[in-house]
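For reference, the chains in residue letters:
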Amino acid sequence: MKSFTYEKAQSPAEAAAAAARIPDARFIAGGTNLLDLMKLEVETPAHLIDVNGLALDRLEPLPDGGLRVGALVRNTDLAADARVRRDYPVLARALLAGASGQLRNKATTAGNLLQRTRCPYFYDTNQPCNKRVPGSGCSALEGFSRPLALIGVSRTCIASHPSDMAVAMRLLDAGVETVKADGSRRVIPIADFHRLPGDTPQHESALAPGELVTAVSLPPPLGGKHYYRKVRDRASYAFALVSVAAVVQPDGSGRVALGGVAPRPWRLESAEAALPLGARAVTEQLLAGATPTQQNAFKIPLVQRTLSAVLAEAKG
Amino acid sequence: MEASNLKLSRRELLVMSAASATMMAMPAVAAAQSASAGRARPPVNAPVALRVNGHLHELELDTRSSLLDVLRERLQLGGTKKGCDHGQCGACTVLVNGRRINSCLTLAVMHQGDEITTIEGLGTPQRLHPLQAAFVRHDGYQCGYCTPGQICSAVGMLAEIEAGVPSHVSADLEARPLLSAAEIRERMSGNLCRCGAYANIVDAITDVAEGKA
Numbered sequence: 001m002k003s004f005t006y007e008k009a010q011s012p013a014e015a016a017a018a019a020a021r022i023p024d025a026r027f028i029a030g031g032t033n034l035l036d037l038m039k040l041e042v043e044t045p046a047h048l049i050d051v052n053g054l055a056l057d058r059l060e061p062l063p064d065g066g067l068r069v070g071a072l073v074r075n076t077d078l079a080a081d082a083r084v085r086r087d088y089p090v091l092a093r094a095l096l097a098g099a100s101g102q103l104r105n106k107a108t109t110a111g112n113l114l115q116r117t118r119c120p121y122f123y124d125t126n127q128p129c130n131k132r133v134p135g136s137g138c139s140a141l142e143g144f145s146r147p148l149a150l151i152g153v154s155r156t157c158i159a160s161h162p163s164d165m166a167v168a169m170r171l172l173d174a175g176v177e178t179v180k181a182d183g184s185r186r187v188i189p190i191a192d193f194h195r196l197p198g199d200t201p202q203h204e205s206a207l208a209p210g211e212l213v214t215a216v217s218l219p220p221p222l223g224g225k226h227y228y229r230k231v232r233d234r235a236s237y238a239f240a241l242v243s244v245a246a247v248v249q250p251d252g253s254g255r256v257a258l259g260g261v262a263p264r265p266w267r268l269e270s271a272e273a274a275l276p277l278g279a280r281a282v283t284e285q286l287l288a289g290a291t292p293t294q295q296n297a298f299k300i301p302l303v304q305r306t307l308s309a310v311l312a313e314a315k316g
Numbered sequence: 001m002e003a004s005n006l007k008l009s010r011r012e013l014l015v016m017s018a019a020s021a022t023m024m025a026m027p028a029v030a031a032a033q034s035a036s037a038g039r040a041r042p043p044v045n046a047p048v049a050l051r052v053n054g055h056l057h058e059l060e061l062d063t064r065s066s067l068l069d070v071l072r073e074r075l076q077l078g079g080t081k082k083g084c085d086h087g088q089c090g091a092c093t094v095l096v097n098g099r100r101i102n103s104c105l106t107l108a109v110m111h112q113g114d115e116i117t118t119i120e121g122l123g124t125p126q127r128l129h130p131l132q133a134a135f136v137r138h139d140g141y142q143c144g145y146c147t148p149g150q151i152c153s154a155v156g157m158l159a160e161i162e163a164g165v166p167s168h169v170s171a172d173l174e175a176r177p178l179l180s181a182a183e184i185r186e187r188m189s190g191n192l193c194r195c196g197a198y199a200n201i202v203d204a205i206t207d208v209a210e211g212k213a
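Line by line, the protein sequences give chains A and B.
Quick note: the first sequence uses our numbering, first residue 1, plus one each step.
Quick note: the second sequence uses our numbering, first residue 1, plus one each step.
Check the hints yourself; a few may be wrong.
Claimed, not checked - Just the calculated beta-carbon pair ranges, DEER-fashion:
hint	chain 1	residue 1	chain 2	residue 2	range
1	B	G98	A	D124	31 to 39 Å
2	B	D114	A	A82	41 to 49 Å
3	A	F298	B	G98	19 to 27 Å
4	A	D64	B	G98	31 to 39 Å
Hint data in this document are derived by calculation from the structure and do not stem from the laboratory.
Every residue, glycine too, gets a C-beta built ideally from N, C-alpha and C.
Construct the complete structure from the given sequences, taking the supplied hints into account.
Take a look at the structure:
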């Protein structure tokens, strides 16, 4: 690991200003992803800004009936919150499907949104990777691509976004609240938060330099039946090959978002009109234009079957 | 981490020695800027007071030190094990303020003021923790390397069930979690056992959870 200087942040605005001012600075919260990457020297920050002391670990009801989730709320606490279990079960289910008990106790809401891909070539510093070293090439295109993305990808990068939680947040149309280096605040719709790789796969989010996520706001509850169905190589403690988050209403309408198939949580609102027609129609629209590799083409029928299972359960 | 320090090139070592006299006085910004200017970065130390198993330790640590390495290398608490060092195996599991975490994936400097409990703080050979006794009774290990992590994890896990935290296999998110084998297996999935002693580990934990121990 490269050495780094370390400070404890005093306020969100000061943390954002410091992160923008100090070269190669990173925020650290749970640290479960960043420290892993630092040990491998995939990440080599020169300065860490520890945000754990900021009072961003609260859950509070919003006037419109929604729920504000502080950026530092741990994954365990978010999944265990009575309001989340009752009103946003798809979110609780997604959180509980990810990682291990130990990791969920450390991992935070904002850190989970911002976690990096588990593409094996991003992790292997001996291999070209456009996300890690822009312009060096993509080893995955001709390499081991079974776990990787097939839609929203580019010729420079087919990395998949690893988060389960973010898929549920996308389904719920969450808003990402931030403070910028100049102290101004804004809310980024989750649909605009994660960027597609295009020619710059190293830029993964809409955050400006130094911009700090302070909370994620959930709109008022949707009702309906909630599902998070994750398909993986082991029954527990593994990343998704494919996941389906869905809310299905009594009249058969609803929402669907996918994990494991794209560089960000994958949802197309236009495809949801096809829900009454069944999983095949929805999948065809959701994955229209997909460019799978030979190794990950299996994910297309897997999405359809997983969605089909969810819709059958919703009817039952 | 200590090992990687030894692998410095001669040039890095020279740069480090020259810089080390002044580095502690260097403000963070200057240190970061000099690093980003492409020069080798000198190690950075920071004072930390760690409370481990009820004892306070005033330490001066390289900021890179994981909690795991400090427990093992500085405090000679070798019960906590280093398996993968990447948060995948659970051998390094300890309790921080009563919650189980992977001590390999957290920096020691981030734990000032926390109450850290390792396997040495749970029980002693003369006075075993009920889970330690149950692991012995049920033969819940072969080589024993994952055992301290398994036991610390189980302590944290039972507290999570007690607090009503649901799991991936809980059929009803809003009901009190069951103490079934399926629940225990899912909740312990962050602790790997190379010897495959899982069946006996589940039995040992079940005994303690049901109050038989």
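We went through each hint and held it up to the structure:
1. A beta carbon spacing of about 37 Å between G98/B and D124/A agrees with the range 31 to 39 Å that was offered as a hint.
2. In this structure the hint that D114/B and A82/A lie 41 to 49 Å apart at CB is violated, the actual value being about 27 Å.
3. Checking the proposed 19 to 27 Å range against F298/A and G98/B shows it is violated: the Cβ atoms sit about 43 Å from each other.
4. At roughly 35 Å, the beta-carbon separation of D64/A and G98/B lies within the given 31 to 39 Å, and the hint holds.
When the structure is compared with the earlier hints, violations turn up for hints 2 and 3 and for no others.
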